[in-house]
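If you read the sequences in order, they're chains Y and Z.
Count along the first sequence from 1, then add 1005; that gives the number in the numbering used here.
Count along the second sequence from 1, then add 26; that gives the number in the numbering used here.
Since the hints were derived computationally from the structure, they do not count as laboratory data.
For glycine and all other residues, C-beta sits at the position ideal for the given N, C-alpha and C.
Check each hint, because a few of them may be wrong.
[What the hints assert, rightly or not] Quick list of the computed label-pair ranges, beta carbon to beta carbon:
hint	chain 1	residue 1	chain 2	residue 2	range
1	Z	Thr124	Y	Phe1457	17 to 25 Å
2	Z	Thr157	Y	Leu1259	47 to 55 Å
3	Y	Phe1031	Z	Gln77	19 to 27 Å
4	Z	Ala133	Y	Asn1078	26 to 34 Å
5	Z	Pro93	Y	Lys1059	49 to 57 Å
6	Y	Leu1060	Z	Ala133	29 to 37 Å
7	Y	Gln1077	Z	Pro93	29 to 37 Å
8	Y	Lys1310	Z	Pro93	17 to 25 Å
9	Z	Ser63	Y	Phe1208	56 to 64 Å
10	Y	Phe1454	Z	Gly64	31 to 39 Å
[To be verified] Cross-link-like lysine-lysine pairs, in silico, DSS-like; alpha carbons within 27 Å at most:
hint	chain 1	residue 1	chain 2	residue 2
11	Z	Lys101	Y	Lys1310
12	Z	Lys164	Z	Lys104
13	Y	Lys1080	Y	Lys1045
14	Y	Lys1032	Z	Lys68
15	Y	Lys1369	Z	Lys82
16	Z	Lys68	Y	Lys1305
17	Z	Lys120	Y	Lys1080
18	Y	Lys1080	Z	Lys101
19	Y	Lys1394	Y	Lys1475
20	Y	Lys1305	Z	Lys164
21	Z	Lys159	Y	Lys1305
22	Z	Lys164	Y	Lys1032
[Claimed, not checked] Covered, in the sense of this in silico footprint (three residues per stretch, anywhere, with C-beta under 8 Å from a C-beta of chain Y), are these stretches of chain Z:
hint	region
23	53 to 62
24	112 to 125
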Amino acid sequence: MKRIIALGMMGLGVLSVAQAQEADKFKVYGFADMSMEYYKNASSFNTQFLGQDKLNLALTHANTYFDFNPNQNIKALLEVGFTSNKSKDVYSVGSDPNLIVDPSGNALSDAQIIGYVTSLKLDSIVAATNTAMGLPAGSITLAQLEGMAPGTTAAVQSGVTEALTPQLAQARASQEAAKEKRYQNISIQRAYFDLLINDGINFRMGQFITPAGIWNVDHASPVILTVRQPLQTTVTPIFPESQLGFMLYGRQYLGDHDLNYNLYATSGRTGPSAASIGSGYDNSIDSPSDLAVGGHIGLKLDILKGISFGISSMTGTMRKKFQDQQATLALADLLQGAIAAKDLQYNSHFDTKEREFIVGGDTKIEAGNLTVQGECNFRTIDNQLVKGKTDMLGYYGLVAYKIAMGNNFGVSPYAMYENVGWKTTDAGARSLGDSDINGFYLALSGLNFSIFTNFHLKLEVSRLQLLLNKNPTNFPTDITENDLASNVFSSQFSVAF
Amino acid sequence: MKMLKNLFVALLAGAALASAADFVVIVNPANSAASISGAEMKRIYTGKMSQFGGQKAVPINLADSDPFYAAFADKIVKMSTQDYKQFWVDAQIKGEGTAPMVQRNSAAAKMIVAALPGAIAYVDASVVDATVKKIDLK
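Using the sequences provided together with the hints, build the complete structure.
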């Protein structure tokens, strides 16, 4: 009888091992967080800068991870993010009559306006266009307008735009009314394969989070102590948040201490070309030669509860080619129908050609319940189209103290100060936005409640102060410091699952 | 003199507490290692070390209701049980791996170690038998 029981137990044991091994190969987990922010004095400047309304409620993240580990040498990770944010549309239509946004909020170019407005079946545009161009009534039909949209000559575009002015104004007004909307977005946060050789050498291929500093890697709300990461990792990212390419990484053991490294070669920073900033469209071609290389090396000392130091660096180019389509035709040929492909000419030119170099340092000291953490990053951008450069320096320091309340509860008071500044020595380096603002500081403090490990509730007050150039060119002269500041109360609830 | 006496009593009490929480480390017999350091054990149980004794390391944790779990977290990982759980939640979100397999008691952990090459566990010495290999914790 004992033997039967033993055999049965062994059978259950083997089954349990098999089940455990299967379950270990594929795992699904993730996190979600919901946040509420109240801006006590939301000025138009910081509203545009941060893309925030006075009161914002958002399901900031609902991220799901699909983790596949078929054997000890292969690992794949896919992180899919979902965001739902009720916020004000910060896109500015501006005073340019050629700028208009479609119902989705995308800006339209001249040629696209023709397609867009004609799609509204505004027949009156046809007559107005003929009049504006000095043509007899009926010379240009609605169908012809639609057909020639991709390659209209400047003269026709000008005539159409002039004819459309009242409609543009009307459409712009409706866009103003429709500014407040709910944004929903699904994105691939990371997707990569790992080839795991040993602890010292591993390869990664795909889209991964840039190994830079501390909080860019920590990445998500259950790990981040504050409601909002330092803005130098999000709003004005000194290092790109994620990149596409190859990475070599591993660690070496130095007694009780660890030395870890990441080296990568990627397609570099991705972003809109300079010409497309503000237009909402990026009709450019990302050059395959935009390579970037970089890495991070870190030393974690097994002293106190852990002391770590790290250095990050990256250099790369960002070149974007913008492609124009042009067709020069006699008006008689144009009126006969759509433009033939043979008449189209394509002209490519660089509208962004920048080389950047970034270097940063990070440190974290954990002693008992106290955590002190800081990062300092410097980025210089050499604009190769327009002689000149932009330098950017950002740093932050954080201190937190954890108070345990039994096995399942804890609260960590924290405070953080961040300062980011930039200086542009030419008008061509547009990637940092309006040159009248040359930096900001962010001061915040709050409480992070930890509940059953997986749940966190954060309450935080912060002040964001934008810093203005001494001689601003685009701002009213009577602007005050408070006009450029935001005092914010934030709360966030996050759960890891 | 009184101070020395108090110190001696305190040391005795500490030693008694330590022995009550003592555990042994076991591996699968296929594992070539004869001993393991505390630092190596910590690395394996925090996902930093993936190979041990010529095998892919498969750490097994005990359930938090088991008294050895708290002792292990304190002595080896050097974290409170809450912090150790939080560590794995964070590591998972950062994409640095997932928490070790959990078994409800020493007997169940030993059974997994016996069947799974590379498995390593800390267990009550009384459950150790010939199906697993006990190694020294340095």
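Here's how the hints hold up against the structure:
no.: 1; hint: Thr124/Z / Phe1457/Y: 17 to 25 Å; in the structure: holds (18 Å)
no.: 2; hint: Thr157/Z / Leu1259/Y: 47 to 55 Å; in the structure: violated (36 Å)
no.: 3; hint: Phe1031/Y / Gln77/Z: 19 to 27 Å; in the structure: holds (22 Å)
no.: 4; hint: Ala133/Z / Asn1078/Y: 26 to 34 Å; in the structure: holds (32 Å)
no.: 5; hint: Pro93/Z / Lys1059/Y: 49 to 57 Å; in the structure: holds (53 Å)
no.: 6; hint: Leu1060/Y / Ala133/Z: 29 to 37 Å; in the structure: violated (56 Å)
no.: 7; hint: Gln1077/Y / Pro93/Z: 29 to 37 Å; in the structure: holds (32 Å)
no.: 8; hint: Lys1310/Y / Pro93/Z: 17 to 25 Å; in the structure: holds (23 Å)
no.: 9; hint: Ser63/Z / Phe1208/Y: 56 to 64 Å; in the structure: violated (28 Å)
no.: 10; hint: Phe1454/Y / Gly64/Z: 31 to 39 Å; in the structure: holds (33 Å)
no.: 11; hint: Lys101/Z / Lys1310/Y; in the structure: holds (13 Å)
no.: 12; hint: Lys164/Z / Lys104/Z; in the structure: holds (16 Å)
no.: 13; hint: Lys1080/Y / Lys1045/Y; in the structure: violated (47 Å)
no.: 14; hint: Lys1032/Y / Lys68/Z; in the structure: holds (23 Å)
no.: 15; hint: Lys1369/Y / Lys82/Z; in the structure: violated (30 Å)
no.: 16; hint: Lys68/Z / Lys1305/Y; in the structure: holds (14 Å)
no.: 17; hint: Lys120/Z / Lys1080/Y; in the structure: holds (15 Å)
no.: 18; hint: Lys1080/Y / Lys101/Z; in the structure: violated (31 Å)
no.: 19; hint: Lys1394/Y / Lys1475/Y; in the structure: holds (19 Å)
no.: 20; hint: Lys1305/Y / Lys164/Z; in the structure: holds (22 Å)
no.: 21; hint: Lys159/Z / Lys1305/Y; in the structure: violated (32 Å)
no.: 22; hint: Lys164/Z / Lys1032/Y; in the structure: violated (34 Å)
no.: 23; hint: 53 to 62; in the structure: violated (count 0)
no.: 24; hint: 112 to 125; in the structure: holds (count 8)
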